[in-house]
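Peer 1: First to last, the protein sequences are chains Y and P. The numbering used here puts the first residue of the first sequence at 1, with every later residue one more than the last. The numbering used here puts the first residue of the second sequence at 1, with every later residue one more than the last.
Any given hint might turn out to be false.
[Unchecked claim] The calculated lysine to aspartate or glutamate pairs, modelled on DMTMM-like cross-linking and capped at a C-alpha distance of 25 Å, are:
no., chain 1, residue 1, chain 2, residue 2
1, P, K118, Y, D81
2, Y, K92, Y, D32
3, Y, K92, Y, D302
4, P, K118, Y, D317
5, Y, K92, P, E120
6, Y, K92, Y, D81
7, Y, K135, P, D22
8, Y, K135, P, D95
9, Y, K93, P, D254
10, Y, K135, P, E120
11, Y, K135, P, E228
12, P, K118, Y, D293
13, Y, K14, Y, D317
14, Y, K135, P, E204
Everything labelled a hint here was simulated from the structure, so no lab data went into it. Small disclaimer: the values here were computed from a predicted structure and weren't measured.
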Amino acid sequence: MTNPFPLSKDDLLKCYRTMRTIREFEERLHVDFSRGDIPGFVHLYAGEEAAATGIMKHLNSGDRIASTHRGHGHCISKGVDVVAMMKEIYGKKGGTGNGKGGSMHIADLSMGMMGANGILGAGAPLVCGAALAAKFRNKGEVAISFVGDGASNQGTFLESLNLAAVWNLPALFVVENNGYAESTARDYATAVDSYVDRAAGFGMPGITVDGTDFFAVYEAAGEIIQRAREGGGPSLLECKMVRFYGHFEGDAQTYRATGELDDIRANHDCLKKFGVQVTAAGVISAAELQAIDQQVLAVIEDAVQQAKAAPLPTLADLTTDVYISY
Amino acid sequence: MARKISIKQAVNEALDQEMARDPAVICMGEDIVGGTGAGGEADAWGGVLGVTKGLYAKYGDRLMDTPLSESAYIGAAIGAAACGMRPVAELMFIDFMGVCFDQIYNQAAKFRYMFGGKAETPVVIRAMVGAGFRAAAQHSQMLTPLFTHIPGLKVVCPSTPYDTKGLLIQSIRDNDPVIFCEHKALYGIEGEVPEASYTIPLSEANIVREGKHCSIVTYGLMVHRSLEAAATLAKEGIEVDIVDLRSLSPLDLDTVLDSVTKTGRLVCVDEASPRCNIATDISAQVAMQAFSALKAQIEMVTPPHTPVPFSPTLEDLYIPSAAQIAAAVRKTIKGGQA
């Protein structure tokens, strides 16, 4: 059977592996956090994997992204090492920030990952700067700012849309609309129904896609990323998606309607959708997907064991890396 | 080096020489070109007070007017710095930092620490500081202590054209984020400045006058008020040491302690509001580290704990005067041991 998808079988398997890695990373954190193994705040990306993966599949290490507080999926799909991520979340040396950043501040600048961010909307101005730097370098690089539907109402985000349009930057703004700003419904907190309308208000194209459909995301992202690479300026992409867990781990989610979570898991699981699409087309077999599932479980287990075994930071680490020179 | 230029010219010359030297240096800010997209002269303003005038003709698109969106463009400067550029962003008045502070103190200042020492953010944020322009409460503040409080930021506030040029060039070359404070009332003062490029380290205070009876530790406009006070005091036989901190973070505490050890007396003069400012910090450090050298109580000269008033009569009363500084020095001598 011919491959009806815009990606080769090899690339499809890679994307599935990425999505499954994000899912298992988050599912494992959910369990380990509830056991008390993990300090601080953790915000899980489970359920939203298709968006990060479908977008990042178009990027190279010279392209930059700035993430949100819910950043693990962006990190993994941008190529950040899961062992270093897990060590960071456990507060250990050898983590991406040597334990000084934690879940909300995972970054790997060498991979173009400019950081998860504890300040909602703060990544958008930074991405304008990354895109400006790309414009000066003139190598066709782009920069992407991720925000949730909640942070899409931050002044930083709205100012950045305007700045990116005014400067015609190779910047892209992705609104990950999971329906909730923490516990507050998106439709209550955002005055316009359509992010396409909001983009138009800033003089840029806007697209809305089903963020649980990997292929829809991949196709839309490809179009706007290519335009930005060619000097066509910024765009806004809304991915309508679902959040499997609460705003943070420990959130009882009593604001959700009865049956809502069951429906999300049963009918809006992006990994299930992807599996159905590729197996129905006969491009990938269920056995091939299951093999990846098993491999990913082992990778995550190894990351957790390495994180647990990693040394704790010491007093000597407390005062280093504040300045380069002081 | 007989050539004399103003602080305004010194800023312009430092930017000019660094932009010529390093293509990664770019400048952005509100009206720094000052005419983009309008029908008249391309760089009609060259900055609201003309500080960047003429640079656009040389460097074109490397100088960028911005929308009135301080969060977006200060953040963009920081983001570009994290991606290999050396941006110099002008926050026209430091009072505007309230609308973009997150990008400065939660982003630029913390990248290196949060990211385990793997980030460099070589951004300079230039901003006008200080009172004396009848610019009222939201365009006149000396907010230096808000920045020295934040680990990860460097804070510079020069008082002379020579220091301005050398410190700004050093700040642009520095790989940490630097808040570069330019006192608007000092832009016009002139002093000898070499034409060639040079740097001044961000960690060295400067003794601008030597004396044995009392130390005055200060920065910015207050250096000049302190020099006036010193001239008056000299006629009374009182000789003061004046330490111009120049850089507030890092702080050259050694030079302060050496001076106080020599004189045994300390007056801290700060144009910032009196609580938790540079003067209180210096006072605490000296009290902890050189208490035995003190022959008298430490004195501080600051404005009152009020917003900066508009009425010229009130503003002149607000800004610490040479007379107040001289009186504080006399108090340390009269009130202390012989």
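Peer 1: Check each numbered hint against the structure and report the violated ones by number, ascending.
Peer 2: 8, 9, 11, 12, 13 and 14
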